[in-house]
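Each chain sits in its own coordinate frame; assemble them with the hints.
Residue numbers (numbering that gives the first Met the number 0), protein chains in the order written: chain A, 0 to 188; chain B, 0 to 434.
There could be a bad hint or two in this list.
[Said to hold, decoys possible] Simulated pairs of lysine to aspartate or glutamate, EDC-like, Cα-Cα distance not exceeding 16 Å:
no.	chain 1	residue 1	chain 2	residue 2
1	B	Lys-273	B	Glu-315
2	B	Lys-75	A	Glu-17
3	B	Lys-50	B	Glu-24
4	B	Lys-273	A	Glu-178
5	B	Lys-352	B	Asp-412
6	B	Lys-272	A	Glu-178
7	B	Lys-311	B	Glu-356
No wet-lab data here; the hints were simulated from the structure. None of these values were measured; they are calculated from a predicted model.
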Amino acid sequence: MPFHTGQFVILRRPGTIEQREYTVYSGAKDNFLEVLVREVTEGKVTPRLKKMQPGDQLEVDGPFGFFRFNPKMFPSQKFLFVATGSGISPFHSFVKTYPSLDYHLVHGVRFGEEAYEHHDFNKQNITLCTTGDKTGNFMGRVTQFLATQKLESDTQCFLCGNSEMIQEAFDILTEKGIEVQNIYTEVYF
Amino acid sequence: MNLSDSERVISVLDKAGYTWTDNEEEAGLIGILACSVRQKAIDKVYSRIHKWNKWKNHKNLITFISGCILPNDHEKFLKLFDITFQMKDLPQLPEMISRYGVTTSIHLKTGIDPHNENIEQFWDVKPSYQSGFEAFIPIQNGCDKFCTFCAVPYTRGREVSRPSKDILAEVALLVSQGYKSITLLGQNVNSYGLDKRDEEITFTELLRQVGELGNRMEKEFWVYFTSPHPRDMTDEVIEVIAGYPVLAKQIHLPMQSGDDKVLIKMNRKHNMKKYRQIVHSIRRLIPEATLFTDIIVGFTGETEEQFENTRKAMEEFKFNMSYTAIYSPRPGATSHRWDDDVPLEEKKRRLHKLTEELRKHNRVYNRQLEGKTLRVLVRGADRKEGYLTSLTEGKLIVRFPSDDKNLTGQFADVKITGSSDFSMEGELVNIEAFA
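So here's chain B without its partners, still in its complex pose (with noise of 0.2 Å):
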């Protein structure tokens, strides 16, 4: 999300006349956009605007924070930074610069919005894209969830669907100027739609309209989406990804705990009977789809018992990718008010124990593509010399022989002759060849 966010801070610079500096002493202007998801996100901020705010003793330097603030930080930030603002205001960023006297103490800021009214504007803005070939178009922002282990209800305020006119459009836009893949973005992206009943379409016509486009322009591309909810998954939106070539044969789906006790304290509204059921229709109707989850380990008051029952739901749904995290209390979730009770050397070894378990399926399933010739997108070079790296449509990593850079963002055939535990290796059959 904050890649995307920072697509559009870059076009609203760029126009305002700013250039890009990658020499952080060299810039005039110096922007943060903020992740208020895990606290050592937010250290780092208050621990960088520190130094920034010395370098004023000997040059001129105006500082500015957006994206996702906790209530309490936001206070702090007035006080830090020049200019603190919601995202949805992004469009007033160089008015805001304009008025910001360097020698004054102009503060300029606009509160929190917990209604998120006015985000068109911020949708309206035209991202300057920073890659050629992969792009991420926000669907909807907020969320109305409240799991007690997350502040972003706190800091990006109440559920808002974007125009699907608009998305339909940006994507349009997108394909025709040849990228390949794009990923519709939101804080629970398959909620899309439920804040404007009878006045938008729902997230599955929303992918099965992007499906319909894709058929309509003939050209190969991938479309993900992230992150859904199991609550609002249904088995219409996974026959819609079945239905539609365009609709990638990947699924991110967030379990958090395979215990329903722990996922009533993290007040997920799903249980795991729910998540088996989704997970089967997956299966039955999509049986090549990738999935992909994530997991806190050692939440608050988290036992052996339950750490055992997300290792055996770990074991049972055989996920391709388990994006796992630590638990660690946000200030602003609910749960920071609990007990952070399981020592922290019992949540690594937890973490551990759920990435032995993801590697011993992954080897498994990646050893039986070896021999198999998959469709890659090309995304530049590999840190192994001599090689690249590309994705299949599951997202899964191959990399292969080749120093021809031009390839980057193009499909191309590769044939698998090895594996290991997280990613493949083959050779380069064919390159493109659709359209």
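One chain only, chain A, in its complex shape (with noise of 0.2 Å):
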């Protein structure tokens, strides 16, 4: 299935009307699709995914959305992403498909041990936020490492996560002089 990075597919499983998006989590070059899954266990369709079998059917739809990404798209060739839980899936595709990307990703989680592959990123080009212990590179939320910092006017801002976090990270990096036009925003449900 051709897709840009950043969008997303709907899955469900044949014959059930329960169906979930999810933001495609491999590279635009790989020859698989692969999305990232929390199961959320009283949930209609996580256990049932987590449940399925290789060969069993899945109907998925799609690509969507508007959260694409093309290092040649942006004015400046700097990106901050910001990602809480599994937000973390379409910069992965990013990376995965752009190798040589300038990017510094700020990946918030409870514990260390939820952060997902983060072999796939450069150690320098990654900051874990914990809140849950301190096996991170900073423990707190990922709002509060922002506020830390000092950005440059001209960053491409990337936030995908929870819309609490969206909406704290927006207001942090607008009175940091971003644009809003260069802040870019998928809110996870």
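Put into structure tokens, the structure is as follows:
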């Protein structure tokens, strides 16, 4: 399935009506499609997805969405990626597709063990923020980390995660002089 | 959109030999074209079908439902209605009815197809236009935008554009038959052609070709479109509207909120800077254009400060009309999973405040038109005894004294003699005269 990095797909078990949107986690040049799913134990979709076995069928609809990324589209080549939880998916796809990017990723999780496949990113390009333990590079929320940072005004900022984080980060970035049109958002639900 | 859909349903049933009745109790076949935008409309569907199913105890009755239906409702409707189908399968409705034995419990249904395959067969149905002067032409179906407050991507499926040659042919046919007001319809009308890049013309080019057609036909008519999405609104579209007389100088540009953070939460993919740029382009290129919008108040988490940004935006953009809705969570839409945390009374207060803002601007706008002569399209009898009602090209309401119902569907020139907040009054100066 061809897609632009940053787009999402809708997954549904055949014959069921419940479906969910997931941003593509794999790179645009990979010969497979990968998504990152956080299990919601009381949910209607993820427990079923977890039980799936190789060979089981899944309906994949898409790709959709406008959180598209191609470095050539942007006036500046300095990128800041901010994610909470599985909101790291689009950034994983960005970096896999464009390995020579000049980026910094700020990823927020509760515990360090929830940091998914950080080995796919350059160590010096990632800051892990943890709120539940001290195993990350910074103890606290991603927005608390952002508040301590100096940013160049033409930095292209991409935010993906829960809406509270995005709203807070939006305020912090605009107060730091980032123009609204240089902030791109994808709210996870 | 549902009005346009219903014109095609009536056409199919007419051909199958059915006759229309205004009396619900007399009908042997009753159908609903559902709208899932608001829960209230769906609640009405449930109320009606329970009533009709009771009637089946003493009369033969077949019920069907189509239109904008969420998957969860669809599952329930399969048990409640005799026939459930997607609009794209409309041509098969007579066959579905004939296969339905009144005394049997055969279930006729088609599933929800998010890809809108075969939607062309629905567009190919010749509609039974319900007006002799005003028509709606669907040019695009479905939505890929996934706004968090809206369930349309889950009910209407993906964006699919109708072939431009068919659209242009329908416009030409309607104009040759004397239609004066034509509206191009789509959930995201200006996304037209984006699903068929390199195969189909763009929305700008479609409008340009409609404009050229208008020039060639030398007939007076106004072409509108609704609803566009600010994300896909370009200066080229506005320039084309400015350049052709038949493209009506009225633009409906849904804003939804005047606050960037609320727009992010709504997943609107446009910010206020972009919206402002579009409005500036409209004012620069078409200063006479009227501007309409859609706004939602009390969206989940909307603070007083964020609402105030919306009110300020209304003050700034001076809309001629705003279809303002109180937010209500719709099952199936993403925001349904969030707390509906703005109290109803507060939502009502915000709605009232925006209405007052709209009223204030319109009062001034309408007053400055007093003494001017405006071209209007007469729509029929007004609620005020002895008056006809009409719309200007910008869709402003003008009523004038006349009992002559033959004027309905004709262009006329009316001199504005008075104005109120949402309408104007005038005197008939001239009828038709263009062609």
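For each hint, the structure was consulted:
Under the criterion of a C-alpha separation no larger than 16 Å, the hint pairing B/Lys-273 with B/Glu-315 is consistent with the structure, at around 14 Å. A distance of roughly 14 Å separates the Cα atoms of B/Lys-75 and A/Glu-17; the hinted pair therefore holds under the 16 Å criterion. The suggested pairing of B/Lys-50 with B/Glu-24 holds, with an alpha-carbon distance near 11 Å, which does not exceed 16 Å. Pair hint B/Lys-273 plus A/Glu-178 holds up; C-alpha atoms about 12 Å apart against a cutoff of 16 Å.
Simply put, B/Lys-352 and B/Asp-412 have alpha-carbon atoms about 35 Å apart, too far for the 16 Å limit, and the pair is violated. Annotation: proposed proximity of B/Lys-272 to A/Glu-178 holds, straight-line Cα distance about 10 Å (limit 16 Å). Distance restraint check for B/Lys-311 and B/Glu-356: the Cα-Cα separation of roughly 9 Å lies within the 16 Å cut-off, and the hinted pair is therefore satisfied.
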